[in-house]
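Student: Just so you know, the sequences run in chain order A and B.
All residue numbers for the first sequence refer to our numbering, where the first residue is 412 and numbers rise by one.
All residue numbers for the second sequence refer to our numbering, where the first residue is 20 and numbers rise by one.
Treat the hints loosely; a few may be bogus.
Which residues of chain B face chain A? A partial, calculated answer using Cβ under 7 Å [as the list claims (entries may be wrong)]:
#1 F47
#2 T51
#3 F53
#4 L63
#5 L65
#6 F116
#7 F127
#8 S129
#9 G130
It should be emphasised that the hints constitute simulated quantities derived from the structure, not laboratory data.
All C-beta atoms in this analysis are idealised placements derived from N, C-alpha and C, irrespective of residue type, glycine included.
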Amino acid sequence: GQSLEQPSEVTAVEGAIVQINCTYQTSGFYGLSWYQQHDGGAPTFLSYNALDGLEETGRFSSFLSRSDSYGYLLLQELQMKDSASYFCAVARGATNKLIFGTGTLLAVQP
Amino acid sequence: GAVVSQHPSWVICKSGTSVKIECRSLDFQATTMFWYRQFPKQSLMLMATSNEGSKATYEQGVEKDKFLINHASLTLSTLTVTSAHPEDSSFYICSAFLAGEPSYGYTFGSGTRLTIV
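Only chain A is shown next, with the shape it has when bound in the complex (with noise of 0.2 Å):
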């Protein structure tokens, strides 16, 4: 089987520094990638970890740790727009279907 868990919900402050974490059980894994919902929309791809590690992009970083089938991301300086529904996600099978997480609500309070 297959599972990706993240916190359902999140709450912070602007300009503040918030981590998402998702722990995953999954055959097959090439990475973990971090997509952005708002409410009504298509998802937003973010970040990509294939391998273990820190990788940044702007406000946004992700983290990987294959050994602990553990990931995270992090959003720095945190402002309104940021309040979205954030998913982690991987590839599976031979035609690369997305698998995704079971998603974190992120409301940034002023």
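Given the coordinates of chain A, work out where chain B should sit on it, guided by the hints.
Tutor: Relative to the frame of chain A, chain B by itself:
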């Protein structure tokens, strides 16, 4: 980058009718398209993988006769919700994988909000 055009963006239908959702790949050929369903405050659940020129592959628990998928050309995949009922009301979204695309290869349509009354 690659673009997937999805229509309609929203639709309201009466219970018992069938609804067709289209996804077109613009400027690229999508041999494979993925269809997802998302209920409010939940994750995107993969329903099926649409393969050009062959039968779709459905995920466990998804009714093949309920959700008909057709991928007759390299640029068009359709999802038809047959005999729709209020419990089928959801957000449906398609995605194509294109190796080499900056966004880790996955391009999403804009989604269809389906409401059955």
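Student: Does each hint fit the structure? Answer for all of them.
Tutor: Hints, one by one, checked against the model:
no.	hint	in the structure
1	F47	violated, 15 Å
2	T51	holds, 5 Å
3	F53	holds, 6 Å
4	L63	holds, 5 Å
5	L65	holds, 6 Å
6	F116	holds, 5 Å
7	F127	holds, 4 Å
8	S129	holds, 5 Å
9	G130	holds, 5 Å
When held up to the earlier numbered hints, the structure conflicts with hint 1 and nothing else.
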